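**Student:** So you can see what is in the structure, the chains are spelled out below.
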Amino acid sequence: EPEVTQTPSHQVTQMGQEVILRCVPISNHLYFYWYRQILGQKVEFLVSFYNNEISEKSEIFDDQFSVERPDGSNFTLKIRSTKLEDSAMYFCATTTFLNTEAFFGQGTRLTVV
Amino acid sequence: GENVEQHPSTLSVQEGDSAVIKCTYSDSASNYFPWYKQELGKGPQLIIDIRSNVGEKKDQRIAVTLNKTAKHFSLHITETQPEDSAVYFCAASSGNTPLVFGKGTRLSVIA
Numbered sequence: 580e581p582e583v584t585q586t587p588s589h590q591v592t593q594m595g596q597e598v599i600l601r602c603v604p605i606s607n608h609l610y611f612y613w614y615r616q617i618l619g620q621k622v623e624f625l626v627s628f629y630n631n632e633i634s635e636k637s638e639i640f641d642d643q644f645s646v647e648r649p650d651g652s653n654f655t656l657k658i659r660s661t662k663l664e665d666s667a668m669y670f671c672a673t674t675t676f677l678n679t680e681a682f683f684g685q686g687t688r689l690t691v692v
Numbered sequence: 002g003e004n005v006e007q008h009p010s011t012l013s014v015q016e017g018d019s020a021v022i023k024c025t026y027s028d029s030a031s032n033y034f035p036w037y038k039q040e041l042g043k044g045p046q047l048i049i050d051i052r053s054n055v056g057e058k059k060d061q062r063i064a065v066t067l068n069k070t071a072k073h074f075s076l077h078i079t080e081t082q083p084e085d086s087a088v089y090f091c092a093a094s095s096g097n098t099p100l101v102f103g104k105g106t107r108l109s110v111i112a
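Line by line, the protein sequences give chains A and B. Going by this note's numbering, the first residue of the first sequence is number 580, and it counts up by one from there. Going by this note's numbering, the first residue of the second sequence is number 2, and it counts up by one from there.
It is possible that some hints are incorrect.
[Stated by the list, open to error] Label-pair restraints from in silico Cβ distances:
1. Asn653(A) <-> Lys43(B): 17 to 23 angstroms
2. Asp60(B) <-> Glu647(A): 33 to 39 angstroms
3. Glu84(B) <-> Glu580(A): 17 to 23 angstroms
4. Pro649(A) <-> Asp28(B): 30 to 36 angstroms
Hints were generated in silico from the structure; no laboratory data involved. Quantities reported herein were computed from a predicted structural model and do not represent experimental measurements. Ideal Cβ placement from N, Cα and C applies to all residues, glycine included.
Work the whole structure out from these sequences, hints included.
**Tutor:** This is the structure we're talking about:
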């Protein structure tokens, strides 16, 4: 079964440091997403990406966040200067088209200390 | 934008009993309603979905119902088993918007 792969599984970083979370989408999927889940809370939308550009972003996705697909395979989320409140699970998800089944990766647990 | 409310937040049932989780949504343009199961330490995994042109869908022990007029949809799990224990999320989206999730229901099936 095809799967979305995320690395690393766990990242601990100092406040103010930059982090890059990586995702390898399913090969024939066209739409890519990042979601965040603070411990014990719901899954929140951050950003969607299609055709090498952001198609939609939430209020959470401020200037500290950026996404790119640098080499045509990896899809990355960068947090420029991490804050304590950025500590959460970050999930990458991909779909073939809009409004179709979203496949989620296993997530990256980000801990900002 | 879309707002999805989910109830209950926790649910305990005896093995073999049924479990029902309910969600309401606010955006009448939403037309896709998936349900995800999240086990500890894993990402959400789709278990069933329904589109607005259908009122009910069933897959073995799992069924979902949709009432477009009332803007609510429900997940029904029959003959629950311990391996059904997990957090379940409902979600909604329209053709142009990303999934908006409910807050989740932690289901515990007691053997």
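**Student:** Take the hints in turn and mark each one as holding or not.
**Tutor:** We went through each hint and held it up to the structure:
| no. | hint | verdict |
| --- | --- | --- |
| 1 | Asn653(A) <-> Lys43(B): 17 to 23 angstroms | holds, 21 angstroms |
| 2 | Asp60(B) <-> Glu647(A): 33 to 39 angstroms | holds, 37 angstroms |
| 3 | Glu84(B) <-> Glu580(A): 17 to 23 angstroms | holds, 18 angstroms |
| 4 | Pro649(A) <-> Asp28(B): 30 to 36 angstroms | holds, 34 angstroms |
Comparing the model with each earlier hint shows no violations; every hint is respected.
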